[in-house]
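Student: All chains should be modelled from the sequences, with the hints used to inform the complete structure.
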Amino acid sequence: MGDASRLLADYGPAFGQALFLTWKLTLASFVPGFLLGVVVAVLRLLPLPPLRFALTVYVEIFRNIPSVALLIFIVFALPDLNVVIDYEPSVVLTLALVCSAFTADYVRTGINTVDGGQIEAALSLGMRPITVITSVVLPQALRAVVQPMTSLLIALMLSTSLASQVPFPGRELTALVAKIANDSAAGMAAFALAAALYVASGLLIAWAGATLEKKVRILR
Amino acid sequence: MSRTLEDILFGAPRPRAIAITRVMSVVAAGVLLLMAAGIVARFRSAGQLDGRLWEFFGWQTTWAFLAKGLLGTLASAAMAGVIALTLGLLLLLGRLAPSRLLRWPSIAVIEFLRGTPTLLLIYVCFLVLPSVGIKISTYWMLTLPIGLSTAAVVAEVYRAGVLAVPRGQTDAALSLGMTPIQGFFLIVFPQAVRYIVPALVAQLVIVVKDTTFGYVVTYGELMQNAKVLIANYHSLVPVYLVVAALYCLVNYATSWASRRLGRPVH
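Sequences listed follow chains A and B, in order. Just so you know, the working numbering puts the end of the first sequence at 220, numbered straight through with nothing missing. Just so you know, the working numbering puts the end of the second sequence at 266, numbered straight through with nothing missing.
Source of the hints: derived by calculation from the structure; they are not laboratory data. Please note: incorrect hints may appear among the correct ones.
SDA-like cross-link-like pairs, simulated, lysine to any residue; straight-line CA separation at most 25 Å [as the list claims (entries may be wrong)]:
id	chain 1	residue 1	chain 2	residue 2
1	B	K135	A	N112
2	A	K179	B	L127
3	B	K135	A	S184
4	A	K24	A	A192
5	B	K227	A	Q165
6	A	K24	A	A185
7	A	K179	B	L129
8	B	K227	A	P89
9	B	K135	A	A185
10	B	K68	A	I61
11	A	K24	B	F112
12	A	K215	A	L142
13	A	K179	B	L148
14	A	K179	B	M178
15	A	K214	B	L163
16	A	K24	A	L43
17	A	K215	A	N112
18	B	K68	B	V242
19	B	K227	B	L66
20	A	K24	B	E111
21	B	K227	A	D86
22	B	K227	A	V166
23	A	K24	A	G12
24	B	K68	B	V205
25	B	K68	B	Y139
26	B	K227	B	E111
None of these values were measured; they are calculated from a predicted model.
Tutor: In structure tokens:
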């Protein structure tokens with residue numbers, strides 16, 4: 001018990017900041033990643049073969065590349081191409097790109113749940129295809145993907161741990177544990193606390209997702 | 001026969017729409033080509049297309065070294081997969097056990113391993129365990145955390161599969177005189193596995209991705225070997241590009257295989 005109280009006395013505020021940074025990175029990458037993913041999913045519907053091909057390549061690349069490899073490329077290789085992005089934006093960019101690829105995939109699955117008859121009905125009412133997509137297909141598709149998007153958000157929250165791989169002025173939870181384990185003997189206690197904070201954040205997101213799901217789901 | 005959504009939306013265009021689509025396609029192709037050209041020009045102006053930076057990819061030793069790294073990646077991923085599948089089954093059995101003494105600890109372990117980043121577990125094996133006197137090799141520093149955190153996810157995947165098997169199957173097994181254990185292993189679980197093969201393979205892709213952290217513990221996998229190549233030849237961009245492409249290929253092939261397996265069995 002002495003370990004834990006000493007840890008809290010020494011690093012309590014640092015843990016607060018680390019948790020806050022973890023959440024901040026999660027949100028900062030989820031929001032643009034989600035929006036970009038929806039845009040990609042919609043653009044992939046258009047009957048433009050070159051665009052479809054390019055977006056398929058985009059989705060497959062960012063779904064299959066390990067996020068660490070992408071982050072390392074952005075941080076260490078892009079400067080050689082005269083593109084210099086600061087560390088924190090690099091982490092956010094990495095996570096947002098990966099998030100957008102998975103979002104595009106999930107939204108596509110959601111789009112597939114929309115019954116074809118509805119689209120025929122909308123078209124025969126004189127709606128243009130673009131209007132059909134934005135006001136008939138998308139609203140239903142987005143309602144159908146709440147659960148996979150919740151899992152994606154949790155995975156993204158856990159992935160912010162890769163921010164510990166770049167020298168960043170602020171420390172998120174994983175980087176903080178690594179530092180404490182390096183500096184002192186309190187590594188185990190620090191790990192337990194960080195793990196508890198991660199698990200609690202994940203359960204919070206899962207609860208919020210389940211609540212939203214109950215509100216918006218379409219019973220068929 | 002059901003038509004795809006795109007087909008319904010755009011399947012019967014008017015002549016004007018056909019013309020617009022054609023023009024837009026050409027414009028899109030043009031813009032994409034311009035972007036590609038822009039990237040190539042950027043590579044050129046930064047001097048990243050110099051033969052010096054690429055020539056060692058013509059040497060056999062380079063590829064042998066990268067292949068060794070890939071082998072290290074696969075060795076770690078395979079072992080992590082084995083750990084995940086077996087430990088996942090144990091966790092599932094605990095999770096489904098009628099006794100609370102077994103069930104609650106299993107739920108706690110699953111939620112803990114699932115809710116903690118793999119990288120954090122790797123740091124524990126790498127930094128914390130040695131400080132309390134437990135020494136393991138770099139291979140296990142990487143493989144064990146990945147196997148553990150995947151096991152928790154696999155346990156949940158198994159559970160989804162088991163819950164998808166109709167309840168009547170268990171009842172039928174029991175009424176034939178099988179014990180609950182026999183019914184589970186002979187009747188329910190084999191059917192459950194059929195449902196979840198695609199999800200399990202998808203999990204394997206995540207395992208391969210996670211082994212990228214091998215460079216954290218200096219285990220000789222693809223990423224670590226890439227770093228060695230970079231240090232030797234001072235060729236950052238080309239090496240990272242090739243390695244990223246290799247990862248994408250391996251994972252794409254795995255996902256492709258999982259889609260093939262995902263086709264209905266019956």
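Student: Indicate, hint by hint, whether the structure satisfies it.
Tutor: These are the hints, each one checked on the structure:
1. K135(B) - N112(A): 51 Å, violated
2. K179(A) - L127(B): Answer holds: K179(A) to L127(B) is near 10 Å, not above 25 Å.
3. K135(B) - S184(A): 18 Å, holds
4. K24(A) - A192(A): 22 Å, holds
5. K227(B) - Q165(A): 14 Å, holds
6. K24(A) - A185(A): At roughly 29 Å apart (the allowed maximum being 25 Å), A185(A) and K24(A) break the hint.
7. K179(A) - L129(B): With a Cα-Cα distance of about 15 Å, the restraint between K179(A) and L129(B) holds, given a limit of 25 Å.
8. K227(B) - P89(A): Roughly 23 Å between the alpha carbons, so the hint for K227(B) and P89(A) holds.
9. K135(B) - A185(A): Given that 25 Å is the threshold and the Cα spacing comes to 16 Å, the pair holds.
10. K68(B) - I61(A): 23 Å, holds
11. K24(A) - F112(B): 22 Å, holds
12. K215(A) - L142(A): Judged against 25 Å, a Cα distance of about 13 Å means the pair holds.
13. K179(A) - L148(B): Holds, at roughly 23 Å.
14. K179(A) - M178(B): 55 Å, violated
15. K214(A) - L163(B): Answer holds: K214(A) to L163(B) is near 21 Å, not above 25 Å.
16. K24(A) - L43(A): Given pair K24(A), L43(A) is violated - Cα atoms ~29 Å apart, limit 25 Å.
17. K215(A) - N112(A): Since the Cα atoms of K215(A) and N112(A) sit roughly 21 Å apart, the hinted pair holds (cutoff 25 Å).
18. K68(B) - V242(B): Holds, because 15 Å separates the two Cα atoms, which is no more than 25 Å.
19. K227(B) - L66(B): OK: K227(B) and L66(B) at ~11 Å, within 25 Å.
20. K24(A) - E111(B): Holds, because 23 Å separates the two Cα atoms, which is no more than 25 Å.
21. K227(B) - D86(A): 21 Å, holds
22. K227(B) - V166(A): 15 Å, holds
23. K24(A) - G12(A): Holds: K24(A) and G12(A) sit about 18 Å apart, inside 25 Å.
24. K68(B) - V205(B): 19 Å, holds
25. K68(B) - Y139(B): Judged against 25 Å, a Cα distance of about 14 Å means the pair holds.
26. K227(B) - E111(B): 35 Å, violated
The structure is inconsistent with the numbered hints 1, 6, 14, 16, 26, although it conforms to all the rest.
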